[in-house]
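Which chain is which? The protein sequence lines are A and B, in order. Just so we're aligned, residue 1 is where the first sequence starts under this note's numbering, counting upward by one. Just so we're aligned, residue 101 is where the second sequence starts under this note's numbering, counting upward by one.
Careful: at least some of the hints might be erroneous.
Unchecked claim - Computed from the model, here is a short list of chain B residues facing chain A with C-beta under 8 angstroms:
hint : residue
1    : SER342
2    : GLY343
3    : THR383
4    : VAL387
5    : LYS390
Hints were generated in silico from the structure; no laboratory data involved. Glycine included, each C-beta is placed from N, C-alpha and C at the ideal position.
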Amino acid sequence: MPRPGIDASRVLPDASLAEYSGAIPAFQAVREIPQIVDGIRCQCGCAKLPGFYSLLSCYEGEAMARFCDICQGEARLALRLHRAGKTLDEIRDAIDVRYG
Amino acid sequence: MAVRVLPRVAIACAFMLLPPALAGAQIRASEHGVTAQTVDGTTITVEYYRPKMRARDSLYGRVVRWGEVWTPGANWATTFDVDHDVTMNGVAVPKGKYSVWIEVKPDQWTLYLNPKSRAFHLPEPKPADDWIRIPVTRETRAPMEVLSWWFPEVRPDGATLAFQWGREYVPLRLTVPASHPIALAADVARRYTGAYAFTWKEDEGKPEKASSFELYHEGGALRARWDKPPFPEFGNLIMVPSGEHWFWPAMLEKGEVFDVANDIVFEFAVTDGRATGFEVRDTKDEVIAKGTRKD
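Could you put together the complete structure from these sequences and hints?
What follows is the structure, given as structure tokens:
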């Protein structure tokens, strides 16, 4: 479940993504809906790493989403479905189908 | 006598002085082995100890007595672990971990899966009602020194698991559940069937570059014919349902699916029950191509 009060304050800013410009749209998506992204389990395998909580974790600190297509795709799909009016459960289901 | 005993004491003392890691290592007559295979999301794992023939010519009827309920391995019973329901030689096997036993008779071998997975090979067990009973056939082959389990065949819908020790080779045909069934009802498929103009992202605005992508329903599945595929294997596809108006393209060999390309997805836009077009998206959820209905 998303942590109460969670925000995108720890998500890497675009300024630190100069070498990963292709990942910027995904980081922007995460900054737009951190409370949704925090309720999604990443399917790339990083969920087993220490300190991982949710897909949001992939965009913080070492931010493996910089170079992981799956982390990026999950965030972009989450935003697209959120904008289409899908609920968190529906977004989770879609991501599990697509990347699980 | 003293001459024989003293070296043994000395050897024992020497082992006691070894670092723990080295002292823990042992040469075993039947070393531990493991083999595993994943098929369409189902993983099958066999763990066992591997006896050797060691110049024993007649394994069956002598080392393994006729009528014996024997684990095809040694020491702790061989285990069969599967994470989805499967069939073995046509017999249903629910997901789980089992110890493996074979009743060896001159004319007929019967394999048993015992839900109690942790078992020592002795005392010899008696098959119980909750054991799964699977008739097997065997073949005589060139001798194999070390008892081996392996997967000599992997199919889209399963695999053959086999073991051999000495001359006796025993294949077990496994079928796994389809992770994403390809079947699509005709009335559902009708939303999508028809001709589309397929355009790669880099060719947007260049209608002369568009190729023809035709969807039709046949054999209970939604299929595609593509006149200018990026690879020959994409010329004829089955579209595998993967979500609401989502499909993965599956490549065919001799009419059978051999690879589902689930790193790209076709997302159809449907209005009033009829698809007007589709987007093809990659792993990063970027649109790499589009299709527009022509008919």
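Status of each hint after checking the structure:
1. SER342: At about 6 angstroms, which falls below the 8 angstroms cut-off, the nearest Cβ of chain A leaves the hint on B/SER342 intact, so it holds.
2. GLY343: holds (5 angstroms)
3. THR383: This interface hint holds because 4 angstroms falls under the 8 angstroms limit.
4. VAL387: Violated. Min distance 11 angstroms.
5. LYS390: violated (15 angstroms)
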